[in-house]
Structure formats: structure tokens, C-alpha cells
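Since the structure of chain G is already known, use the hints to place chain U with the ligands on it.
As they're listed, the protein sequences go chains G and U. Heads up: the first sequence is residues 1 to 309, going by our numbering. Heads up: the second sequence is residues 1 to 114, going by our numbering.
Because the hints were derived from the structure by calculation, they are not lab data. Here the structure is a predicted model, which means the values were calculated and not measured. Incorrect hints may appear among the rest.
[To be verified] Simulated crosslink set (SDA-like; lysine to any residue; CA at most 25 Å straight-line):
{"id": "1", "chain 1": "G", "residue 1": "Lys299", "chain 2": "U", "residue 2": "Ala72"}
{"id": "2", "chain 1": "U", "residue 1": "Lys93", "chain 2": "G", "residue 2": "Gly290"}
{"id": "3", "chain 1": "U", "residue 1": "Lys93", "chain 2": "G", "residue 2": "Leu300"}
{"id": "4", "chain 1": "U", "residue 1": "Lys93", "chain 2": "G", "residue 2": "Gly146"}
{"id": "5", "chain 1": "U", "residue 1": "Lys93", "chain 2": "G", "residue 2": "Asp62"}
{"id": "6", "chain 1": "U", "residue 1": "Lys93", "chain 2": "G", "residue 2": "Pro209"}
{"id": "7", "chain 1": "G", "residue 1": "Lys199", "chain 2": "G", "residue 2": "Ser235"}
{"id": "8", "chain 1": "U", "residue 1": "Lys93", "chain 2": "G", "residue 2": "Val241"}
{"id": "9", "chain 1": "G", "residue 1": "Lys199", "chain 2": "G", "residue 2": "Asp49"}
{"id": "10", "chain 1": "U", "residue 1": "Lys89", "chain 2": "G", "residue 2": "Thr303"}
{"id": "11", "chain 1": "G", "residue 1": "Lys299", "chain 2": "U", "residue 2": "Arg28"}
{"id": "12", "chain 1": "G", "residue 1": "Lys299", "chain 2": "U", "residue 2": "Gln95"}
{"id": "13", "chain 1": "G", "residue 1": "Lys167", "chain 2": "G", "residue 2": "Phe68"}
{"id": "14", "chain 1": "U", "residue 1": "Lys93", "chain 2": "G", "residue 2": "Pro184"}
{"id": "15", "chain 1": "G", "residue 1": "Lys299", "chain 2": "U", "residue 2": "Leu29"}
{"id": "16", "chain 1": "G", "residue 1": "Lys299", "chain 2": "U", "residue 2": "Lys89"}
{"id": "17", "chain 1": "G", "residue 1": "Lys299", "chain 2": "U", "residue 2": "Ala27"}
{"id": "18", "chain 1": "G", "residue 1": "Lys76", "chain 2": "G", "residue 2": "Glu171"}
{"id": "19", "chain 1": "U", "residue 1": "Lys93", "chain 2": "G", "residue 2": "Arg63"}
{"id": "20", "chain 1": "U", "residue 1": "Lys93", "chain 2": "G", "residue 2": "Glu302"}
{"id": "21", "chain 1": "U", "residue 1": "Lys93", "chain 2": "G", "residue 2": "Gln226"}
{"id": "22", "chain 1": "U", "residue 1": "Lys89", "chain 2": "G", "residue 2": "Thr306"}
{"id": "23", "chain 1": "U", "residue 1": "Lys89", "chain 2": "G", "residue 2": "Glu302"}
{"id": "24", "chain 1": "U", "residue 1": "Lys89", "chain 2": "U", "residue 2": "Ala72"}
{"id": "25", "chain 1": "U", "residue 1": "Lys93", "chain 2": "G", "residue 2": "Phe286"}
{"id": "26", "chain 1": "U", "residue 1": "Lys93", "chain 2": "G", "residue 2": "Asp287"}
{"id": "27", "chain 1": "G", "residue 1": "Lys76", "chain 2": "G", "residue 2": "Ile91"}
{"id": "28", "chain 1": "G", "residue 1": "Lys126", "chain 2": "G", "residue 2": "Arg95"}
{"id": "29", "chain 1": "G", "residue 1": "Lys299", "chain 2": "U", "residue 2": "Val98"}
{"id": "30", "chain 1": "U", "residue 1": "Lys93", "chain 2": "G", "residue 2": "Pro240"}
{"id": "31", "chain 1": "U", "residue 1": "Lys89", "chain 2": "G", "residue 2": "Arg63"}
{"id": "32", "chain 1": "G", "residue 1": "Lys126", "chain 2": "G", "residue 2": "Gly146"}
{"id": "33", "chain 1": "G", "residue 1": "Lys299", "chain 2": "G", "residue 2": "Thr285"}
{"id": "34", "chain 1": "U", "residue 1": "Lys93", "chain 2": "G", "residue 2": "Gly212"}
{"id": "35", "chain 1": "G", "residue 1": "Lys199", "chain 2": "G", "residue 2": "Asn237"}
{"id": "36", "chain 1": "U", "residue 1": "Lys93", "chain 2": "G", "residue 2": "Ala163"}
{"id": "37", "chain 1": "G", "residue 1": "Lys167", "chain 2": "G", "residue 2": "Pro209"}
{"id": "38", "chain 1": "U", "residue 1": "Lys93", "chain 2": "G", "residue 2": "Lys76"}
{"id": "39", "chain 1": "U", "residue 1": "Lys93", "chain 2": "G", "residue 2": "Asp49"}
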Amino acid sequence: MAMTGVLRPGHAQVRVLDLEESVRFYRDVLGLVETGRDAQGRVYFKCWDERDHHSYVIRESDRAGIDFLGFRVLDKANLDRLEAGLKAYGIATERIPAGEMLETGERVRFTLPSGHVMELYAEKTKVGNGIPLVNPAPWSLQREHGIGPVRLDHALLYGPNVAEVQKIFTEVLGFYLVERVLTPDGNANAAIWLSCGQKVHDIAFAEYPEPGKLHHCSFLMESWEQVLRAGDIMSMNTVPVDIGPTRHGVTRGCTIYAWDPSGNRFETFFGGHLPYPDYETMTWTFDNFGQGLDYPQRKLHETFLTVVS
Amino acid sequence: MQHTVTIEDTGERYACAGEESLLAAMARLGRRGIPAGCRGGGCGVCKVEIVSGEFGTRAMSRDHVDDADRAAGRLLACRVYPASDLSLKVVGKLQKSVCGVVRPVSSVTPPVTR
Ligand code: FES
Ligand SMILES: [Fe+2]
Numbered sequence: 001m002a003m004t005g006v007l008r009p010g011h012a013q014v015r016v017l018d019l020e021e022s023v024r025f026y027r028d029v030l031g032l033v034e035t036g037r038d039a040q041g042r043v044y045f046k047c048w049d050e051r052d053h054h055s056y057v058i059r060e061s062d063r064a065g066i067d068f069l070g071f072r073v074l075d076k077a078n079l080d081r082l083e084a085g086l087k088a089y090g091i092a093t094e095r096i097p098a099g100e101m102l103e104t105g106e107r108v109r110f111t112l113p114s115g116h117v118m119e120l121y122a123e124k125t126k127v128g129n130g131i132p133l134v135n136p137a138p139w140s141l142q143r144e145h146g147i148g149p150v151r152l153d154h155a156l157l158y159g160p161n162v163a164e165v166q167k168i169f170t171e172v173l174g175f176y177l178v179e180r181v182l183t184p185d186g187n188a189n190a191a192i193w194l195s196c197g198q199k200v201h202d203i204a205f206a207e208y209p210e211p212g213k214l215h216h217c218s219f220l221m222e223s224w225e226q227v228l229r230a231g232d233i234m235s236m237n238t239v240p241v242d243i244g245p246t247r248h249g250v251t252r253g254c255t256i257y258a259w260d261p262s263g264n265r266f267e268t269f270f271g272g273h274l275p276y277p278d279y280e281t282m283t284w285t286f287d288n289f290g291q292g293l294d295y296p297q298r299k300l301h302e303t304f305l306t307v308v309s
Numbered sequence: 001m002q003h004t005v006t007i008e009d010t011g012e013r014y015a016c017a018g019e020e021s022l023l024a025a026m027a028r029l030g031r032r033g034i035p036a037g038c039r040g041g042g043c044g045v046c047k048v049e050i051v052s053g054e055f056g057t058r059a060m061s062r063d064h065v066d067d068a069d070r071a072a073g074r075l076l077a078c079r080v081y082p083a084s085d086l087s088l089k090v091v092g093k094l095q096k097s098v099c100g101v102v103r104p105v106s107s108v109t110p111p112v113t114r
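Next up, chain G with everything else stripped away, as it sits in the complex (with noise of 0.2 Å):
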């Protein structure tokens, strides 16, 4: 498959309520690479084997949550025809410059229905991953630091009007819907999946009252191995874990759910399926959603649908 729009999440600007403390808990328990910090006190995150300058920042605010989520995007001609897209479709766009965000070029930003702040940009300076393009070696030591995920995988993101949003990521920008979970009444949906590309997903909404939340943003791990490690060092750090380690139905991936030191919850994440765009969605009704979330216990933890940043 050709990926030649929206390629994946690329940054996530993420709040918290004590820096100092948050870059600990970032840098050596998650195990992130800090790699810069700016004038307006953000301090810049990438995982060990990415290769663009950050793909995760925090700012220090009185309140929790997400600022943002940006989605690299393959080149500046298509920044441009997915911008005409959303605004033809009727959504506001704005441009932010090129340097406001370290080692990043111009993004497009544009709020949803759901109350979230997107971007998309087509450039970022690529740092590496310490590893030589010539003759690489398969990992360097930044993975043994932490907990050392590969890369920001996805977002789950809570809010009002998912069909709105959905129509928006499927017509405008080139995703496709993976998986679902209906509402009870079976008329709509209460979750859905999104893909652009063969990720299982890139972003994630559920339906919810309040706009803009934060669900979970989560880090891929190389295995599900690599996830029970994850739950040690969490429980090493007195770090408080949600849900987990299990596996989820929806996406069939294995999972975490933790907390920050700020109270937004993350995700140590391992495989899932590989779907293509021509495949088919599949369905959970809402009597299932146990089994979705956590498919050995099958169970609707409260905490999922009632605990968001």
C-alpha cells in the first residue's frame, strides 16, 4: 500500500502539572529520550527508535490533559491538498509558523467537533535514532533505559459528536474505521478506530460529554515480553496502574493502562492485527465492550469510560 497523505501520529503536546517531576517520570521510568527543551518552557520527548526530533511534549500548566495532536503527513503538497480538503469540508484552518514548536516546520491546525486540537506538518528534523543508516545494528542502549517503547503509536481521544469526527478522518483525510463498539441502543457508535495506514489504529474517539479529553496516549512495545517488563517498572515506581497487563479484543493488542504523575493516563502497547483499507469493519455491540476492552476478564472497567485527563 501507498501511503501518500497522512502517514501517522507525529506529536503529542501533553500538560502536567509538575514539570520537574514529569520529566522524571518521562525520561527515566517511561523511558522516553528527551531531546530539547524551548523558550516557552516545554520540554521535548521522542522514543528511543524514532527518528524525527520529538513525537511527545509537555508544558506545565494548571490543568491536566491534551493540548494537541499533530499527524506527519508525507510532503508539503499534500499539507496543502489536506488543508483545502478540511476547509472545502468547512473546517477552520490556521497555520502555525515553522520554529514555534523546535525542529518542526509549518503545521496546519484545525479544531474537531469532539473538541480536540489537530495539526498536520510535513517537516521535522530527523535526529535519528543513534542507530547508523549503513549496516544498522538492531537497537542502541537508549532502549534499556526505562521502560523504552519503539514509538507514540496512538491516541484515544474522548468527546461529543464521534460521527462528525469520524466523517471528518474518513472523507477528508484518508483514514478508514477499523473497529467499532456501539452505542446500546445499536443506533451509533460509542468507539471508534481509525487507520491511515496499516496500523490497527492511529487515533481512537469515544463518545462522551465533556469536549476535548484525554483517554490514553499510547506507546508501542516490541512485545508482549516487553509489556509485562513495562508492568514491573511500573510497579518498581509505585507508578498507578489501571488496567492490565491484558489484552484488549478490540485490535486484539496487548496492553497497560497507567497514569502520569499529572493524572493523564498512557498505554505500554504490543501488536494487534494488520488491517488494509479494503477490509471490512468490524463491529462490537455494546454488550461486548468488556470483551473489547479486556478480553480474558471480560469486563467494562468503570475506570475506561469515566477516567479521562
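Only chain U with the ligands this time, still in chain G's reference frame:
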């Protein structure tokens, strides 16, 4: 040092050390659902109203604790550390797990159904 925390709604008492949050110690009461949230001051599920006593706090989200809340002692139990014996009332989402209060259907319906 251990302090005694009284939950005024039920009359229950529990011990809480000064370096332990009110929520973490309350969880040892073993009530189902008490430590349900993020334990980081970000999600707002653990709100209590401190009626009397000395305490210290760590940062908590303004989405859940505004100036009026702060002035009234309505705080997030996961971010409050006792400095003396104190008493509190549970408010908001904690009420159900602590008091077993049956709330109106609308507030216990899964939010995804809108
Ligand atoms: S448990 Fe989330 S704010 Fe206390
Ligand atoms: Fe996830």
C-alpha cells in the same frame, strides 16, 4: 506520623501518615471502587471536602478544583496530605463508593451513551 481521618458521612475513621495521601489511606478501608482514579490530581474523581484539620497539598487540576473549591476546602484526596487529625466529607463521584449512595440513573449511565 500517623493522623486519624474521620469520614463525616459514615463516621468511619482511618489512619493516614503525613507522607501518604488521604486517598491512598482511604483505599485501605477496602471499599470497592475507592482508588478508582488517576491518583495524580488530574481526573477529579476523588473529590472531598475537608471540614477541619491541617493539611498540605500537591498540584491538582483546575478543571476540578477552582478558587471557590479551594477556599471551601473541596480538594482532590489523592493530592492532600494530613498534618493533623482531620475530618472530611466525600463529594461527587466518591460518594457512591464510600456511602453506597444510589445516584440518579442519569449519572450512573455510561457516559458514552450521552
Ligand atoms: S484520583 Fe484522579 S484526581 Fe484524584
Ligand atoms: Fe490504546
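Hints violated by the structure (numbers, ascending): 1, 4, 7, 16, 21, 35, 36, 38 and 39
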